[in-house]
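Colleague: Sequence order for the protein chains is A and B. With this note's numbering as the guide, the letters of the first sequence map in order to residues 138 to 389. With this note's numbering as the guide, the letters of the second sequence map in order to residues 7 to 286.
Be a bit skeptical, because a hint or two may be false.
[What the hints assert, rightly or not] Quick look at which bits of chain A chain B covers, simulated, 3 or more residues with Cβ under 8 Å:
{"#": "1", "stretch": "187 to 199"}
{"#": "2", "stretch": "295 to 304"}
{"#": "3", "stretch": "375 to 386"}
[Said to hold, decoys possible] Here are some, though not all, of the chain A residues that point toward chain B, as calculated from beta-carbon distances under 7 Å:
{"#": "4", "residue": "Val-219"}
{"#": "5", "residue": "Arg-222"}
{"#": "6", "residue": "Gly-280"}
[As the list claims (entries may be wrong)] Simulated DEER-style distance windows between Cβ atoms:
{"#": "7", "chain 1": "B", "residue 1": "Val-170", "chain 2": "A", "residue 2": "Arg-254", "range": "29 to 35 Å"}
{"#": "8", "chain 1": "A", "residue 1": "Ile-252", "chain 2": "B", "residue 2": "Ala-167", "range": "29 to 35 Å"}
{"#": "9", "chain 1": "B", "residue 1": "Leu-277", "chain 2": "A", "residue 2": "Ser-314", "range": "31 to 37 Å"}
Don't read these hints as lab results, they were simulated from the structure. Just so you know, these numbers come straight off a predicted model, no measurement behind them. Here a beta-carbon is modelled for each residue, glycine too, at the ideal position from N, C-alpha and C.
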Amino acid sequence: MSQAKIEVRNLNVYYQQYHALHDISIAIPQQQVTALIGPSGCGKSTFLRSLNRLNELIEGTRTEGQVLLDGVDIYAPQTDVVELRKRVGMVFQKPSAFPMSIYDNIAYGPRIHGITRKVELDEIVERSLRQANLWDEVKDRLGSSALRLSGGQQQRLVIARVLSINPEVILMDEPASALDPISTAKLEDLIAQLKRDYTIVIVTHNMQQAARVSDATAFFLNGDLIEFQPTRKLFVNPEDKRTEDYVTGRFG
Amino acid sequence: MARNRRTGEMAIISLIWAGAGLVALSLCAIIVYVAVKGAGTISWTFLTEVPRRMGKEGGISSTIVSTVYLTVTAILISAPLGVGAAVHLTEYQQRRTVLTRIIEGSAEALAGIPSIVFGLFGFVFFVIYLKLGWSVLSGGLTLAMMILPTIMRTAQEAIRAVPVEFRENSLALGATRWQTVSRIVLPAALPGIVTGIILSVGRAVGETAAVLLTAGSALGMPLLPSDPARSMSVHLYLLASEGISLERAYGTALLLIVLVITVNYVANLSLRRFSYRLRG
Chain A
138 MSQAKIEVRN LNVYYQQYHA LHDISIAIPQ QQVTALIGPS GCGKSTFLRS
188 LNRLNELIEG TRTEGQVLLD GVDIYAPQTD VVELRKRVGM VFQKPSAFPM
238 SIYDNIAYGP RIHGITRKVE LDEIVERSLR QANLWDEVKD RLGSSALRLS
288 GGQQQRLVIA RVLSINPEVI LMDEPASALD PISTAKLEDL IAQLKRDYTI
338 VIVTHNMQQA ARVSDATAFF LNGDLIEFQP TRKLFVNPED KRTEDYVTGR
388 FG
Chain B
7 MARNRRTGEM AIISLIWAGA GLVALSLCAI IVYVAVKGAG TISWTFLTEV
57 PRRMGKEGGI SSTIVSTVYL TVTAILISAP LGVGAAVHLT EYQQRRTVLT
107 RIIEGSAEAL AGIPSIVFGL FGFVFFVIYL KLGWSVLSGG LTLAMMILPT
157 IMRTAQEAIR AVPVEFRENS LALGATRWQT VSRIVLPAAL PGIVTGIILS
207 VGRAVGETAA VLLTAGSALG MPLLPSDPAR SMSVHLYLLA SEGISLERAY
257 GTALLLIVLV ITVNYVANLS LRRFSYRLRG
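Bound-form chain A, shown alone (with noise of 0.2 Å):
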């Protein structure tokens, strides 16, 4: 495996009393793309979100123990949330369009972030358009509602609003689960095409999408990280018992 990207070390995260993490430890690595699978509840979304720090939106939310990005800890006290959201992108489950126009929603993020010149947005909108493979298909009505794209259109979109702020690390909470079969195909072929420029983490209930796009992947049971593989040795040959049965379709 390459180099860590992220490198998680004895996190717990508590939700009140509820314990929802236990001493997770795992090196993410760079530009590869790493599935996170496990059945409902097991804590892979409350992982993803541990590494933007969006689990502090909940109150009562309690985190113990280091995410290291490139080497420093994103819990440490100094750190910038703004900056590491600018460096940590994130996509969700629901497409999520804003209700403004195409190129509103690409320049929403420069925008917040300062860029005001029309050409460097203008030029932000169409690179962003373009690496997300939904250029052709909007090119000439950027003006328009972007409520108006379909549910892939739209969740390519919010992937090409994650890119217009140039992140490093791009996390996919189940990103496909609300999509038809060829909407998700081109999310798939999206995410493969995206790999050779960003650390991919991705959550997802769909384990042959997880076979699929993958490099690496790490299976989450009840709070546990009981294994993490190089994604090809985790489905064929799982060292941990309740891996196989996982992946196997014994439970979950």
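Add chain B to chain A, keeping to what the hints say.
Modeller: Below, chain B alone, put in the same frame as chain A:
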């Protein structure tokens, strides 16, 4: 059995239709009655001249201006406060604390207080204690207090209806809380917020008791916020109750109705345009 059920169904349907018809009919009856009684009075001079001899002669131009003046003042004061309070309660208080419950409870109670009580308070507090006198400012402040709960509660509902995904996406892009509120949440909630403000405009335009005690009943054209003002509804009330001129009261009433309907119509129109632009 089947026949019984059918008869029952028919009975309910006719009842529903009767109810709907009655509502439409009473509305039409009022408008038509006022229109028939008031239309004769309305003329160019009635619209453009100030009242003379207590309203027996001349027009009602100063009362139209006063009504608009008072309403605009009230909205300018209460809209920022109401929307601000709503943003604070929904976006900056993660949990319902004692404070938020006190604020929400007060707004609820405030909304139920009869307008004459607001008028009395406004008279004692703004007119006398703060020495603002009978003026547009006193009246506007009193009206603002009266409509504040409506604006706040509707804004709260509108803000709560904005999907949580918008906020998460915005924050995950590195936006601050205020950037998220000002650029995503408030624009998305705007149609609902504006609806609340329009409802309040309707209430403020028609309000009599609260204004009578705080803005006075002077007939002149108000220029400064410190000038006294007689609103259309107050004018109508005085014309009718003091037996000055019933025809002119109806004329004023007709214009008041037209004003309220126009405000609602224009607001609806712009709102639809606005949401069309957003929703696509």
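Colleague: Any of the earlier hints contradicted here, and which numbers?
Modeller: Per hint list: 3, 6 violated.
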